[in-house]
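Taken in sequence, the protein lines are chains H and R. Mapping to this note's numbering: the first sequence position 267 is 267, numbers consecutive. Mapping to this note's numbering: the second sequence position 439 is 1538, numbers consecutive.
Simulated from the structure, these hints should not be mistaken for laboratory data. Please note: incorrect hints may appear among the correct ones.
As the list claims (entries may be wrong) - Simulated pairs of lysine-lysine, DSS-like, Cα-Cα distance not exceeding 30 Å:
{"no.": "1", "chain 1": "R", "residue 1": "1328", "chain 2": "H", "residue 2": "856"}
{"no.": "2", "chain 1": "H", "residue 1": "109", "chain 2": "H", "residue 2": "68"}
{"no.": "3", "chain 1": "H", "residue 1": "73", "chain 2": "H", "residue 2": "648"}
{"no.": "4", "chain 1": "H", "residue 1": "57", "chain 2": "R", "residue 2": "1568"}
{"no.": "5", "chain 1": "H", "residue 1": "58", "chain 2": "R", "residue 2": "1571"}
{"no.": "6", "chain 1": "R", "residue 1": "1192", "chain 2": "H", "residue 2": "88"}
{"no.": "7", "chain 1": "H", "residue 1": "486", "chain 2": "H", "residue 2": "533"}
{"no.": "8", "chain 1": "H", "residue 1": "194", "chain 2": "H", "residue 2": "932"}
{"no.": "9", "chain 1": "R", "residue 1": "1568", "chain 2": "H", "residue 2": "68"}
{"no.": "10", "chain 1": "H", "residue 1": "107", "chain 2": "R", "residue 2": "1525"}
{"no.": "11", "chain 1": "H", "residue 1": "450", "chain 2": "R", "residue 2": "1192"}
{"no.": "12", "chain 1": "H", "residue 1": "56", "chain 2": "R", "residue 2": "1525"}
{"no.": "13", "chain 1": "R", "residue 1": "1208", "chain 2": "R", "residue 2": "1192"}
{"no.": "14", "chain 1": "R", "residue 1": "1511", "chain 2": "R", "residue 2": "1224"}
{"no.": "15", "chain 1": "H", "residue 1": "450", "chain 2": "R", "residue 2": "1490"}
{"no.": "16", "chain 1": "R", "residue 1": "1568", "chain 2": "H", "residue 2": "58"}
{"no.": "17", "chain 1": "H", "residue 1": "533", "chain 2": "R", "residue 2": "1490"}
{"no.": "18", "chain 1": "R", "residue 1": "1322", "chain 2": "H", "residue 2": "932"}
{"no.": "19", "chain 1": "R", "residue 1": "1568", "chain 2": "H", "residue 2": "856"}
{"no.": "20", "chain 1": "H", "residue 1": "88", "chain 2": "R", "residue 2": "1525"}
{"no.": "21", "chain 1": "H", "residue 1": "882", "chain 2": "R", "residue 2": "1335"}
{"no.": "22", "chain 1": "H", "residue 1": "58", "chain 2": "H", "residue 2": "27"}
{"no.": "23", "chain 1": "H", "residue 1": "1004", "chain 2": "R", "residue 2": "1208"}
{"no.": "24", "chain 1": "R", "residue 1": "1571", "chain 2": "H", "residue 2": "109"}
{"no.": "25", "chain 1": "R", "residue 1": "1187", "chain 2": "H", "residue 2": "450"}
{"no.": "26", "chain 1": "H", "residue 1": "44", "chain 2": "R", "residue 2": "1192"}
Okay, here's what each chain looks like letter by letter:
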Amino acid sequence: MLRRASFLSFLLSAVLATATTISAEDKDGIDFFETKIRPVLSEKCYACHSVAAEAKKKLKGALYLDSKEGVLKGGDTGTALVPGDPDKSLMIKAIRYHDDDTAMPPKEKMPDPVIADFEHWVRMGAPDPRTGTAAPKAGQAIAEQTKTHWSFQPVAAVKPPAVKQAKWIQTEIDHFILAKLEAAKIPPAPTVDKRTLVRRATHDLTGLPPTAEEVAAFEADKSPEAFARVIDRLLASPAYGERWGRHWLDVARYADSKGYVFQEDRAYPYAYAYRDWVVQSFNDDLPYDRFLQMQIAADRLVDMKGDKNTDDKRHLAALGFMTVGRRFINNPHDIIDDRIDVLSRGTMGLTISCSRCHDHKFDPISTKEYYGFYGMFASSEEPSDPPIIGNASDPKQTEAYEQEKAKRKKEREDFRAKTYAERLKELRSGEMLAKYLLAAQDALGQDDDKRNEIVSTRQLERSVFNRWRGWLEKIAAKHPVLGPWKLMVAFPDGEFAQKAKELLASNDHGWVNPVAVAALKGKEPKNREELSKLYGALLAANDGEQKHEDGSQEAIRQLVRGDGTPTAVAYDQANEVLNGKDEDKLRELQKKVDELASQHAGAPPRAMVLVDRAKPHNVKVFVRGQPGNNGDEAPRGFLSFIAGKDAKPFSDGSGRLELARAIANKDNPLTARVMANRVWAWHFGTGLVRTPSDFGLRTEAPVHRELLDWLAARFVADGWSVKKLHRLIMLSSTYQQSSNGTPAAVKLDPENALVSRFNRQRMSIEAMRDALLFASGKLDRTVGGKSVDIIKEPFTGRRTLYGSIDRQNLPGMFRSFDFASPDAHTPQRFFTTVPQQALYLMNSPFAVEQARALAKRSDGAGTPDARVQQLYRLAFARSASKDEVKLGTDFIKTQDGASAETEATPVWLYGYGVFDPQARTLSGFTKLPKFKDNAWRGGDNMPDEKLGYVNLTANGGHPGNSHAHAAVRRFTAPHDGLFTISGTLKRPAKEGDGVRALAILEGKPPLGDWEVTTGEVATSVGRVQLKAGQTLDFVVDGKSGPGWDGFEWSPQVAGIDGTNGTWNAADGFSGPKSAKPTLSAWERYAQALLMTNEFVFVD
Amino acid sequence: MLPNLPLSRRQLLQRSGMGFGALALGALSGGNGLFADEGAPPVFGNMLPRQPHFPVKAKHIIHIFANGGASQVDTFDPKPLLNEFHGKALPIKLSTERPTGAALGSPFKFQKYGKSGIEVSEIFKNVGECVDDMCIIRSMYADVPNHEPSLLLLNCGDARQVRPSMGSWMTYGLGTLNQNLPGFVVMCPNGYPIQESQNWQAGFLPGVFQGTYLDTKHSDVEKLVEHVKHNFSSPKQQRSQLDLLLQLNEQHAKTRQQDAQLESRIQSFELAYRMQMEASDVFDLSKEPKHIREMYGEGTQARQMMYARRMIEKGVRFVQIWHGEGQPWDNHDDLEEGHRRLAGECDKPIAALIKDLKQRGLLDETLIIWSGEFGRTPVVEMPKPGSNAGKINGRDHNHYGFTTWLCGGGVKGGHVHGATDEFGFKAVVDPVHVHDLQATIMRLMGFDHERFTFRYAGRDFRLTDVHGKVVKSLIA
């Protein structure tokens, strides 16, 4: 091996040496370069394309034109120059100024003679005496920095530094923090009071507020271990995993949907299994190295076989880390890129994705390494039937689910089988055989455009056409059946009829299949179409399921049925014969199978796994990220700057298992550091390193680099236990500081880089919504399960974590409260402040519902003072001060006088009235009392004892039994303006004497009066001036009696000439509105408490 | 918890005891430091107005989206030679997404308008009257002939990856001029266009910079803007409740060091309270006088254009108007009928919008963009199952050349830039790539598109990725 390498390098150097010698001899060329080329390069190009330009940060396109090597090596777009070939040289193309995109120099085109000089120079072989290396900095600088960059060094064994104020020390962490504070002469912030501390810790570890009782118990516990006990209690709560699991789901860009898709089902029915696994892993304190390994290669760490839902098998769900990303309309390159990104930023704080198109500009990661990772994912696949890992939420329904699923699968399969048979039968008909035979013949030797034209103008199925074309090309000229065809189709159009007649009349057919002879002999096809019909008929006549005993007949049958013929399509390739509509229908049926998994309570959880492909393989680098633009092969393996230059490529399956071990490894300098920093950041609101997912060369060492190393080392030494890390951090004096810093701290450490105080934190959307439910007493503490819709009413009390995340249509509430983007890995939440957040708390039915419920919980408190106290305990887990009680009770007092608003009249009302057919008036409008089966009606029974048949639905209704019970749909104008009325009255029945409909504005002659016996009539009224509150009645009367008088009529009222609004009776139809009385004074008070800063900020 | 907020400024405010208003002022005056080359760019946690790199030409953008891809040769790029070739094969051949055939002459007549004498199709005769204010780019080109990537390219600068949309960049960089309304509003009647909300995504920017979607099928403000109306107590009761809230929050703040987060949240309730009124007001078209309503005409497009003008007037930064759900302009068949109907719906309203903004003196500071995600082929599309139902009277997608026009906001009026070949297939004179258009729009809004970046995943991202050149000749 070694000998071969040196032989190669000997060869290479020999070649290079020769090249140098030749150009050195070319003195004329050098002269030409020096006089014509170099001055221009220097004047026009170096400003942006030289080492000097790079030093000024002005280098463009990574292109150096100030050395021979640089020119040949080229920049981002590849080599700038191909000696001898100006047309292939990018540099020449650029200065020719043809393409706006690449035209150089940017300001203006150089004079034509100069361009001609450059072309000449390239044609000469581009003699260039310049030395120097291209980009001495870019590559080398990265290599140099890599050797010393802080986060790439092994985690150092650090000793906590000595400090003066030893009394402040509770854990080793405090040594690091205090030493720096003492050096900066900043006293740490005072220790926080116990109430604040327990609220901070409870929010921090569980994402929930503490109860008043929990606060009181902690305040009463004077023992030194009191806080440690609180921490242990919180860590043991299932809510701990829900809170910290959600932190990790931000890293994992979790969502319950694929994003934008064409036709398939959008839901990920089993994403929740991954979410639940993450939650449980935090609760179980699964060691972090194991936690990562499972998420990268659980398929190799767990026995996947067997039907039993072992606890081990549960871990398969971990692979959701890889698979719950956006699907980019199923573009495999983007899916893999997303996986590489979440993996590298999530676990190691490295941005490997930057190397998709070119070597990383700032970090020691090459494109080859990126495609090494790519190869691992390209060598992995998602099985179509993901493994079952547990029981359904409702196991009793599992059987029903399986049956329904089997039924839907069968529907799809039956359709496929039936359509396949039908299409094949069609294709074997004489007509179709003739059509495709001729089309294939016409396409022979033609280009793509012509072929496309044939396919589209003749309405052919492309795949079938392609089969025919491929087959016909291979048919020999003297083929016993198709030989005559081949001869005849060559006849020119004008002579076709005559020549064909002659040929088919001749007796020179000893070489032709006798059955074909019989069919063709003496025929007189006028043209190719007619000939193809003869052939179509011949083939069809001899086709059939059964073999012919006669060899000649059988030979013809074989042309239709034999292997490799165009119309012999195996069932597993059925798609080849299906048409577009068939395929649409199939997709629709498949979607029905798929969506069942997310809809049916009997569907057991499955794991969204990746498994190694049977034949793992390397890919070649996609030059500039373009698939198909192949570069060198990229071996699957780990990053060389971590693994070392001599590290072996991965060879075990896809390589993911080796990858998992390389990442979740105590010797990996990044993994433990990155996680220790994340945990710190999730506690304090800011990491020691402020870019938690970027530890690359551009990220400077944090102020507390030693502390981070110490934490990372301790984390590994503690068996990668996250819970131990929590204890360590939370028991420190550092953690227990007030969020009000000392004056010196605020002045000297404005950004709190030295952790001279705690950071006040606003609740995330999850914590805030959960806290609202907590205060209202409606929080449902069920852990795990399928995702639920948390937007729609009636509102669920489940924790926000369980809300379904449709990454394509994230509800406005999530967006305005800075929820983690489910599109890509989110290192840190934003915390913005916009009025939409306030509107949500002021006006959303959810927030109002919680305010009502909270107020209700204080109903029995007695006096107003006691009631305020009770509300404070429920909302803030504390008692109210005297001032606060007064503020509250004063508010209630001033509110008592204010009258509650009356609810606005609904636009549509449903009733009956007395219709006078002569006067054409309506009197005594009365609302229909009962809503049942989507209709307003007289009562439970139909007809009702008193009111008879009268009823109204969204689209129509039925008049009553007499003029006293005409059906009346009443519109009440919501504002002044000019309106039109439109609609169609239908009466389908043929029997009876029909109905009469009128539009009556109160106190006026009818605006419209229509009758219909059978059929329909338009009910339009031009312009109606209405005042707010005025009523417009749409009356339907049954004339002589109610027989067969069911009608359809959903009139529409629309504003015109600038009047707003359109009210369609069908759209606006509703049953009884749930009573939503206005908020009472106490409810408004409760809502105010829930909107306070105290409620949503944690000190 | 604003880890990347320009903290020194915040801390300065805290020390000097200044409040929220002062913070806004700081952001306004400190423009030069906000987009500096060095160091991590700041993350803005609010919508307060900010200064870009250069003096601005345009303060607002209205982007009218002819989604589906309007045909250039039937609207703003007349090609007499194409009509002469009608039914014959064209001498130039470009591969198209679907099979295409012979030349398809435009069924519409073109006529010269205005002093500039620029020709516009009869289906846009009202818009034609505004041509002296319009800058027509007849040499646009994109990368591929598919809706999905082309929509994302035009809106977000990248055809596939997750990237912030233009409106998100603008509101991120500039904030908005009226805190009582959303800064970036997207209107599309009946539902979403293709690629749905990804067209106005915030990408890796904070979620607040994502476009606020309004389904303009509705005209009821409550259905247009989420939670904008309070239905549970009277305005007076709500006011006294918010007064109570203010007192509670002030007490809370008293025992704590000055903290911008607390203050800005206190303010946000006041903003929200005003937004309830202002949003209701802006969408109440009955407030428009009759002659204005008649100028815009009837229908959804007219309503959308009127909303847009009312929002711009009130200080909204970026308004995007889609013609309708899906891809209405995607006339693979029945193009004559389709384009006539679609233009018929929006021609008068668009012209009214231009004239209305002009008469109010707002056109100079408002950039109107009219575009599709690409154009259409000058050749006829051949029939294919599933796309044109066997009819041979429509056009396929065309990314090689299409027309976009700009109006107001500091662009040259009565100006035609670039040209397609003599049949209108490919941009051949002064071609403008979508990234160039974006770079130019950025410039008009006061940004150097190469310097307006956001650091994410270890890299500085920008709207134009690593491409784009400002087309200076478009700027007045």
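> Are the Cα atoms of residue 44(H) and residue 1192(R) separated by 30 Å or less?
Replying inline: Not OK: residue 44(H) and residue 1192(R) at ~38 Å, beyond 30 Å, violated.
> Does the alpha-carbon distance linking residue 1187(R) and residue 450(H) stay inside the 30 Å limit?
Replying inline: holds, 15 Å
> Are residue 57(H) and residue 1568(R) close enough, with their CA atoms no more than 30 Å apart?
Replying inline: Given pair residue 57(H), residue 1568(R) holds - Cα atoms ~19 Å apart, limit 30 Å.
> Are the Cα atoms of residue 58(H) and residue 1571(R) separated by 30 Å or less?
Replying inline: holds, 22 Å
>> Run the distance test for residue 56(H) versus residue 1525(R): straight-line Cα separation, threshold 30 Å.
In response: violated, 39 Å
>> Just to be careful, I want the Cα atoms of residue 1328(R) and residue 856(H) compared with a cutoff of 30 Å; is the pair within it?
In response: holds, 24 Å
>> Check the hint pairing residue 73(H) with residue 648(H) against an upper bound of 30 Å on the C-alpha distance.
In response: Satisfied, since the Cα-Cα distance of roughly 28 Å is no more than 30 Å.
>> Need the status of pair residue 1192(R), residue 88(H): alpha-carbon distance at most 30 Å?
In response: holds, 24 Å
> Given the hint that residue 107(H) pairs with residue 1525(R), does the C-alpha gap stay at or below 30 Å?
Replying inline: holds, 25 Å
> Holds or violated: are the alpha carbons of residue 450(H) and residue 1490(R) at most 30 Å from each other?
Replying inline: Holds: residue 450(H) and residue 1490(R) sit about 19 Å apart, inside 30 Å.
> Is residue 109(H) within 30 Å of residue 68(H), Cα to Cα?
Replying inline: holds, 23 Å
> Is residue 1568(R) within 30 Å of residue 856(H), Cα to Cα?
Replying inline: violated, 63 Å
Hints 8, 12, 19, 22, 23, 26 from the earlier list are contradicted by this structure; the remaining hints agree with it.
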